[in-house]
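Novice: Chain residues, written in single-letter form:
There are 2 protein chains.
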Amino acid sequence: MRRPLSIAEMAAAGGRGERRASEGVERCLNNIERHEPAIRAWTFVGREEAREAAAAADRKERVGGPLHGVAVGIKDLFDVAGWPTLGGAIWRGTEPASTDSEAVAMLRGAGAVIVGKTVTTDCAYLDPPATKNPWGAERTPGGSSSGSAAAVAAGMCQGAIGTQTGGSIIRPAAYCGVAGLKPTFGRIGTRGMLPLSPSLDTIGVIARTAVDLGLMWEGLSGEGPESLTSAPELAVVEDRLLDRVDAAVRGVFKSGVEKLRTAGARIGRFSARAPVESLLPIHSALMAGEAARAVAREYASYGERFSPKIRALVERGKDISNEELEGLRAAQVEATEAFERDAPRDVCLVLPSAPTTAPADLSGTGDPSLNAPWTLLGVPAVTIFLGLAEDGLPVGLQLIGRRRRERLLLATARWCEDVFGPPPWPRGYGDV
Amino acid sequence: MRRPLSIAEMAAAGGRGERRASEGVERCLNNIERHEPAIRAWTFVGREEAREAAAAADRKERVGGPLHGVAVGIKDLFDVAGWPTLGGAIWRGTEPASTDSEAVAMLRGAGAVIVGKTVTTDCAYLDPPATKNPWGAERTPGGSSSGSAAAVAAGMCQGAIGTQTGGSIIRPAAYCGVAGLKPTFGRIGTRGMLPLSPSLDTIGVIARTAVDLGLMWEGLSGEGPESLTSAPELAVVEDRLLDRVDAAVRGVFKSGVEKLRTAGARIGRFSARAPVESLLPIHSALMAGEAARAVAREYASYGERFSPKIRALVERGKDISNEELEGLRAAQVEATEAFERDAPRDVCLVLPSAPTTAPADLSGTGDPSLNAPWTLLGVPAVTIFLGLAEDGLPVGLQLIGRRRRERLLLATARWCEDVFGPPPWPRGYGDV
Chain E
11 MRRPLSIAEM
21 AAAGGRGERR
31 ASEGVERCLN
41 NIERHEPAIR
51 AWTFVGREEA
61 REAAAAADRK
71 ERVGGPLHGV
81 AVGIKDLFDV
91 AGWPTLGGAI
101 WRGTEPASTD
111 SEAVAMLRGA
121 GAVIVGKTVT
131 TDCAYLDPPA
141 TKNPWGAERT
151 PGGSSSGSAA
161 AVAAGMCQGA
171 IGTQTGGSII
181 RPAAYCGVAG
191 LKPTFGRIGT
201 RGMLPLSPSL
211 DTIGVIARTA
221 VDLGLMWEGL
231 SGEGPESLTS
241 APELAVVEDR
251 LLDRVDAAVR
261 GVFKSGVEKL
271 RTAGARIGRF
281 SARAPVESLL
291 PIHSALMAGE
301 AARAVAREYA
311 SYGERFSPKI
321 RALVERGKDI
331 SNEELEGLRA
341 AQVEATEAFE
351 RDAPRDVCLV
361 LPSAPTTAPA
371 DLSGTGDPSL
381 NAPWTLLGVP
391 AVTIFLGLAE
401 DGLPVGLQLI
411 GRRRRERLLL
421 ATARWCEDVF
431 GPPPWPRGYG
441 DV
Chain A
11 MRRPLSIAEM
21 AAAGGRGERR
31 ASEGVERCLN
41 NIERHEPAIR
51 AWTFVGREEA
61 REAAAAADRK
71 ERVGGPLHGV
81 AVGIKDLFDV
91 AGWPTLGGAI
101 WRGTEPASTD
111 SEAVAMLRGA
121 GAVIVGKTVT
131 TDCAYLDPPA
141 TKNPWGAERT
151 PGGSSSGSAA
161 AVAAGMCQGA
171 IGTQTGGSII
181 RPAAYCGVAG
191 LKPTFGRIGT
201 RGMLPLSPSL
211 DTIGVIARTA
221 VDLGLMWEGL
231 SGEGPESLTS
241 APELAVVEDR
251 LLDRVDAAVR
261 GVFKSGVEKL
271 RTAGARIGRF
281 SARAPVESLL
291 PIHSALMAGE
301 AARAVAREYA
311 SYGERFSPKI
321 RALVERGKDI
331 SNEELEGLRA
341 AQVEATEAFE
351 RDAPRDVCLV
361 LPSAPTTAPA
371 DLSGTGDPSL
381 NAPWTLLGVP
391 AVTIFLGLAE
401 DGLPVGLQLI
411 GRRRRERLLL
421 ATARWCEDVF
431 GPPPWPRGYG
441 DV
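Chains as they are written, first to last, in this note's numbering: chain E, 11 to 442; chain A, 11 to 442.
In case anyone wonders, no lab produced these hints; they're calculated from the structure. Treat the hints with care, as some may be off.
Said to hold, decoys possible - Simulated restraints on C-beta separations:
hint : chain 1 : residue 1 : chain 2 : residue 2 : range
1    : E       : D371      : A       : A257      : 21 to 27 angstroms
2    : E       : G313      : A       : D256      : 30 to 36 angstroms
3    : E       : D371      : A       : G119      : 36 to 42 angstroms
4    : E       : E62       : A       : R355      : 42 to 48 angstroms
5    : E       : E333      : A       : G313      : 42 to 48 angstroms
6    : E       : T239      : A       : G313      : 58 to 64 angstroms
7    : E       : D371      : A       : A322      : 26 to 32 angstroms
8    : E       : A306      : A       : D256      : 49 to 55 angstroms
9    : A       : E105      : E       : T109      : 33 to 39 angstroms
10   : A       : G278      : E       : T109      : 55 to 61 angstroms
11   : A       : G337      : E       : E333      : 55 to 61 angstroms
12   : E       : R437      : A       : G374      : 44 to 50 angstroms
The beta-carbon is built from N, C-alpha and C at its ideal position, and this holds for glycine as well.
Based on the provided sequences and hints, a complete structural model is requested.
Specialist: The following block contains the structure:
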């Protein structure tokens, strides 16, 4: 039996004497052993520590938290005590971290079993990682939370954490056919995490389904679930930004929206006063300027060891003055306030999670442009599995909420997931 | 009990129902679990495969080969079927290898249990790896067989294979206080190994002691041990090359030679007609010219992802014409023939294995200049633990033989090892 237990199954079992934690962890370790040579989702796996933590969870009389005994992967941008933090480069992180990052401490507090560190792209930027997409070895898993998304998709862990500065949670989760949440900016503390762009970096979660996503979110934030009392109200985003979506994804998205309408969702439209697309240059310059400062010290010593794309970003960012950077931050605040005024209340915006399915191009990690504007605005975003495109690859539905409306967003995502059904396993994974 | 079994203990046990293979492998896996976060010797560990192979070895009635059930690490420059080959770069090796390299097939044939892939520097050149020296986290383990030497030194495997193009086996083994053999050029076939400089690349072995080294060599080459009938004859190398040796290593070396003399060895001197040191520029130009050609295709596509030192080597090598390269190869042949004429028969040359103990400088991998001339000449070299310097770090004795005299060299090394005693464990490793 290789299919990993879902987080919801773990929670339902309640942990009383069933050794569910050990069983769940062993299934994940089996999948790592079996699939890791081809997938390369991990930089480090702490098997014995994970087994011991699972055994300790199983010895407890009652469930200790929403993630009691759940096998979780940590993007290798976060410190885990005793393990190195590479941040996407083989030469970095030569000292094991002395203490857990804030996010990891929250997860442990919620009962999670930390299985290992998942591959991130170099500095969580766009340079391609070695990680492959379980849906096809020639496909990028997306980035920068490449390992977190691929590991969940391959059943190597039950949930994972990631970060999003552009589209680094939503895009890889969608490409890998699983679910992801990028919450409101600033919800989870970044202590013990390598920064890329502090005005944009947002910590979030990846899991197979919206149901599991909610439990991961509860574990990370302490915020319990909310239920919808009636069918949700959705608004399809209309913007020049959507011109980037290809015909295959457009088709799956349209028919998905029709299914939701048929199931009872009220479907409207949303178009912002200024095109959402116009936020992209602000996002990109802000990220460059902040990245150059975030890695300045390390870059001064080891610049030539950085990967090409992050190197180009840092070089660009060096030319952005402090005054320009202040201007960009002011533009971010202004755009955020405008969105807060414009955006409908108690309505989730919907759009595709990425312009295409996972590209068959391992020289990059795909296009984050359908995600980056929402990251700039600091509003929460979720992706769930929507359906398979003609090429057999998964397409994600992206839902956007207002600030701090994670619970509504997650409840809406669960409702939509009930309509679409849970994601299938890629061929060769899951129940095989 | 964490001390790994020695290969000699395994061979003596004979494997009859004692489950020695499983015990040996478990001890190594325990050490990996415990020490790997700080040491970073591995790019991939195949725990379940290793356990299954060990269990299969234990089920056999009698020992199947010299390495029956021995836990071995493979420098991540060699293909192991089903696992990726990174060659020192996180972005490389995105496909698992389809078949074993020739060296790995030989080891498996001799009964070895393959535990995992050990860290190599990028393209097996001089860029520092993340691997640390078990003798001190601020010390380089040397390179390019960094992971193989550190893994053996930390008790994470019982033996390992490596390659030497300059000083990539002898230097890391000496820095990490273990034993290494770089055999005669061409003894072991390089099929399934990433090349750096085909006129220099030599496959060899690392183990804790000269005794274990002999068993590893038997497993890799099929060539059984030889015994000395009397105390060996040694010749101390005198050459400008030795001016590079610092006072601390010089002191340990001198007192070691005196111990050997006291124990009965006949000690002479050797100085070549032309200084051995004069071979260094030939070595370095030959390596650059061949490296540029060996990685040309990959470099054309991904040049900027290569690490700085290998990049500089390749750039230098591009300027070396095919005619110059032919001239360098002719100079290599000439030097080799001159050495064959000059070198005494049935005598092993001795000199320190490196000019210093492991440097406290993680921006490089130390100085291979006491090793590179012998690599150029294609003659076999061994390093064994000689003693500890004032700084508490190990010093190696390097023994050089004539071509294809591995058996004499190994027998002499065993004799010397009996005089010096086996290497101590670094603090915190071994029987703790």
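Novice: For every hint, state whether the structure bears it out.
Specialist: Verification of the hints:
1. E:D371 / A:A257: 21 to 27 angstroms: violated (57 angstroms)
2. E:G313 / A:D256: 30 to 36 angstroms: Check passed, 32 angstroms falls within 30 to 36 angstroms.
3. E:D371 / A:G119: 36 to 42 angstroms: Given range 36 to 42 angstroms: holds, Cβ gap about 41 angstroms.
4. E:E62 / A:R355: 42 to 48 angstroms: Since E:E62 and A:R355 have Cβ atoms about 59 angstroms apart, the given range 42 to 48 angstroms is violated.
5. E:E333 / A:G313: 42 to 48 angstroms: violated (36 angstroms)
6. E:T239 / A:G313: 58 to 64 angstroms: holds (59 angstroms)
7. E:D371 / A:A322: 26 to 32 angstroms: holds (30 angstroms)
8. E:A306 / A:D256: 49 to 55 angstroms: Given a distance of about 37 angstroms, which is not inside 49 to 55 angstroms, the answer is violated.
9. A:E105 / E:T109: 33 to 39 angstroms: holds (37 angstroms)
10. A:G278 / E:T109: 55 to 61 angstroms: holds (58 angstroms)
11. A:G337 / E:E333: 55 to 61 angstroms: Taking Cβ atoms as reference, A:G337 and E:E333 lie about 59 angstroms apart, which means the hint holds.
12. E:R437 / A:G374: 44 to 50 angstroms: The hint (44 to 50 angstroms, Cβ to Cβ) holds, given that E:R437 and A:G374 are roughly 46 angstroms apart.
When each numbered hint is compared with the structure, violations occur for hints 1, 4, 5, 8.
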